[in-house]
Every structure is written in C-alpha cells, then in structure tokens.
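Q: Protein chains in written order, with our numbering: chain A, 1 to 189; chain B, 1 to 400.
Simulated from the structure, these hints should not be mistaken for lab results.
Where a beta carbon is used, it is the ideal one built from N, C-alpha and C, also for glycine.
You may find that some hints are simply not true.
Derived EDC-like pairs: lysine to aspartate or glutamate, alpha-carbon spacing no greater than 16 Å straight-line [claimed, not checked]:
1) B:K371 to B:D345
2) B:K49 to A:E101
3) B:K244 to B:D332
4) B:K183 to B:D271
5) B:K371 to B:E63
6) A:K169 to B:D88
7) A:K169 to B:D245
8) B:K181 to B:E107
9) B:K181 to B:D245
Chain A regions said to be covered by chain B (calculated; three or more residues, Cβ under 8 Å) [what the hints assert, rightly or not]:
10) 125–133
11) 174–180
A few chain B positions that, by computed beta-carbon distances, are all more than 10 Å from chain A [claimed, not checked]:
12) T59
13) N89
14) D332
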Amino acid sequence: MDGDIPESDLEDLGNNDKLIKDRILNQVIAQNEQYNLRRQIKTITLITGIAASLFCIIYCSFLFHSHHKLQQAQVFTYSNTTASPENNFNGIIVQLAKNSEASLNQITRSNIDLHFLGSVMLSNNSAQDQNITIQHNNDKIKKMCLRKGHSYLLSYLNFKYQEVIMVDKQSMSEIPPALAMNMQQQFNL
Amino acid sequence: MEAHQLQRKGFLSISFVLLSLIFLSACQNKNPDKEHQYGLITYDSLQGKVYFTGISSLTGQKEIKQGPEISYNGFILTQRNGRYYVMDNEQKLFVCYKASANNFNQESSISMKDIPWEPYMSWINYINEHTILIGTVNKRKFSYIEIDLEAMKIKRHGALNVPAPPDTASNYAGVSAQLVKDKLFISYTFQRGMMREHIVPCNDTLFMAQFNYPELQLQSTTQDHRTTWPGSYTILAPCSMVYKDNVYVLGQPGGRTGNHKTAPSSILKLDTKTNKFDPEYNFEIANPIREEAYTLHDMGYGLALTSVVQSSKIHSFMNYMVNRVANYVLLDLEQQKKIELNLPDVQLDWIFNTIWDNDSAYFSVYQKDGKSQIWQYNRKSGKLQKGASIKGAILRIDRL
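Chain A extracted, bound-state conformation:
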C-alpha cells in the first residue's frame, strides 16, 4: 500500500510539472522580452544619438556657412547713372549723396567700421541692431547704434573743425536747416 502511488497523486505530480514548465517558460519569455526591450532601447538611443549628432553637424555647418556668407568689407561709390544709388551690405541699405563714397567693414556680426566721404544714409534692414564705429582724421572716433528698422543720415559739418554729424531720419530737425534741406534733396526725403 505504502509503495503505491495513488492515481490522484500521479495526477498531481503531472500537474506540478506542467506548472513548473509553464513557470520556466514564462520566465524565459519575460527574459526574452526584457532582452528585446533593452535591445530596442539601445537601438533607439543609438539612432537618437546619430540623429542628434547629424543635427549638430548640420546646424554647426549652417552657422559656419551663414557666418561666412556675411560680406566682410565693401566700398560703395556714388554713380551718376542713377539718381539715388542703393546698395545692400549685410542688411544695411547704403545710399550715397552726390560725389560721396562709403567703405564698410563687418568686424563682428553686429559691429561695423565705417569710413565715408560726403553724405550717406544708412537704413538698418537687418534682423538686429548694428553698432557702427566711424573714424575721421579731424574728429574723434564716434560710435552709434543703428536701430533695426531705422534710417540714419551722416554728413560732415565744419563748425569748429570738420566733424561727423549723425542723426536719425526721424530727428532731422536737430541738424542745421540748410543741412537738413540738403539731405532732403540728396536722398529725396
């Protein structure tokens, strides 16, 4: 009797094996899933990294390229073929009065050195304010900010010595009337 295994016990043993098998199978499946997930994460990370690197490379090359697209220096001279010659220097529209000349040198993205003869009108059509530095033999170095969207008139006036006169087009009443009238004629204001 003792050595006999009751039929119900055998059935239990069979059931236990099945349970163990199922448990092992489930563990294997779970481990496989985890492994697959880790692989997927690794793949996504790798792709994201590559994409980010590519983006950085493209962005940097764009910046590098666009920086180098700015004109470094240019000289504009009045031409009597057109009444009011207009020139574009990195978004600064340069208009020249009769017999005038302007030389612009882009030092940094928002700093320009200017030398000019005669009278000049500068209109800042660029995306940002621009600082210009003007040097003239008889005058001190002058700096002014060309505000985005504003136009400025520049000329020389022999008051105590020959000095540079700079004025926003909206404030022309600040300069001597004859000079203002002359500017009006020259730039068709």
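Keeping the supplied structure of chain A fixed, place chain B upon it in accordance with the hints.
A: Quick look at chain B alone, frame taken from chain A:
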C-alpha cells in the same frame, strides 16, 4: 394771493433751471474726452516710441501713467479741441488726428501736392480760433497757406513778396512771423551758402517786412543791427511772441543757428503801430562772449521761457544735439528781468513743453532718469514747485 403765485412760479423756474444745469453737467462728465484737460505727447528714446497721455491736472507730485503708443508721420503743427494737425511732407498731406483716452486716429486729411512747404523754414499764426496761416520759404521764395481747421480746407495760398536776397549766393535764414490784428510781421536775415561744406556766419542785420491782412501785400520794411537771426530754427522752435500788441523778437545768432561771432542774443520790441523797433528796448538775455540763447516760449502775462547755453560747454556741433548744454531761464519782458530757475541742465530741444493759465506757467524738464518732471511757476508768488512727472521726454503739452 397773486404775489404768492408769482413767488411759487419763480421758485419753480429757478428749480427747473438748476436741475437742468445739474443734468447737463452730469451728461458732460460722461464724455471721457472731457475728463482730460491736457494732452502730453512723450517720446521714449530707449524704445523709440511716441505716446499720447491725457491728464486732468499738471499739478501734484504724482507719476502719470503713460497712455497708448501713437504714430504719425511728419511735424505736429498745432492742436485744437483734442485734434492734432500734422504736416506729412513725405506723403504731401496735412493730416488731422483725433486724440482720445485710448486712441490717436487719423480723422481727415488735405492734399498738399504742388503747394510748397519747407519744415525747416516755416512758421504758423492763428487768424481766428479755427483758421491758421502757415508761412514758408521754399526755393528762395516766401509763400503762405491759409487753412480752415474745422472744415479741413485750404482757403487760399500764394506768394509773399518779401524783398529779394542781396545776391544770388545769399539765402533767407532764420524766418518767423507774427500776426497782430490786420498786420503780418515777417522777420528774417540772410546767409551765404547752404552750410553743407561749412557754416558761414549770417548777415549782421535783422530785417522785418510788414504785410497787410487779409490782402497780404507788402506795406513797409525795417531793419535793426543790434542782433540778428530773428527766426526759428525750425517750425518747432518759436522765437517771437506778441504781448500788449507789441512783437518781441529774439535774435539767435549763436553757434547752433546764425553762428555770428559777435552779435548778442537779444530781444527787440517792435511797435506794431509804427512798424519800427523800439530804439530804447534791447533785452540782452545772454552774455555775448560766454552765452547763447535759443527759443522764446510765451508763458503768459509778459513772461517767456528761453534756453541759455554756456558757450564753454560747446566743443563740437554734436554737443548741441546730444549733450545737456542748456538751462531754462524765465524772462519778464516788460521789466527786462531774468528769473533764474536753478534747474538741472537740459538738452537744447525743439519742443513745445510749456503751457500757462491765469495763475501759473508750466514747463517740463527731461531728467537723467528718463522721466520728465513738470514744474509750476506761480506768477503771483514767484514760487517754483514740482508738479506731475511722466516716463519719457515730453515733446508737447497741449490744452485739449
């Protein structure tokens, strides 16, 4: 019995009139535009924006909240009943803007095409409450435009036959005019060249041409050698005024205008009956060696405000334009007396930042902190005290 009825009727009539007055005044207060007695136009140089602010009082030490941002193109020539009249030289238009608590809108305009006007050589006079006479010099010729502001209509325009310059190289300079009853007095001088290459000192003489009104025909001329450049720098800078039927004209021969090395900044008095300058009246308001004076703003009852510049502060022309080189001085024209105000130095601006009433004269000082402080000068007590303040530089103070 009849007397009692009459008394009752009288009482009822008075009550009715009083109630009507109360009702009308209540209705008037509901109009938001009437709440603002004064209009301030201010400029924020950091933002590069212009604002309109309506306020009820200039007094009381309070900071006024800035009104809405506004935009217009050209020169504000005058203001009347809350309407600002602007000459837009680019579009060739004379434009009327209506100002209210929240808006500054274009209401109407007149075409100025083919009508000469030069903002830097012009003046403006009132003929009556709603009619202005604009004078101008364009291509070496004087002309006028008469405009009815109410109808927004040019009534007439034509030439003013001011005597011609002495030679072809000379131009009219420093022009201004005053209309006194039926006489128009135009003051001017001459200057050779156009100042592009250099500033040539102006002529030594102050000229005055008298026209009749409304005919606007030349009647007489006179001149004076005690000062020169008797006109405004632009239409925005008055330098003459009328008081008790006399025209007071400030000669401005300083470096910013006439650039005459020896002529003093003096006020002369023109007798409008004889059309001659009073030989006994010469109000020298600035030391000719050390000082220069510019602009003459009428402050009421024979008072005027001028800007005096210490010549030692001027090393270049740009100093006039960007530095605080001037200070305000009140002038008693009859007594020929200067009233020092001891206020901070200001820039030599061409602005209309003054107004006056029966008791006081008001003007603003643009401070280094970016705010304009209004000052009140009590004419009777001679006391100067702070009034309201506002962010930005005041360009105009107007009674709406």
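Q: Check the structure against each numbered hint from earlier and tell me which ones fail, lowest number first.
A: 2, 7, 8, 10 and 13
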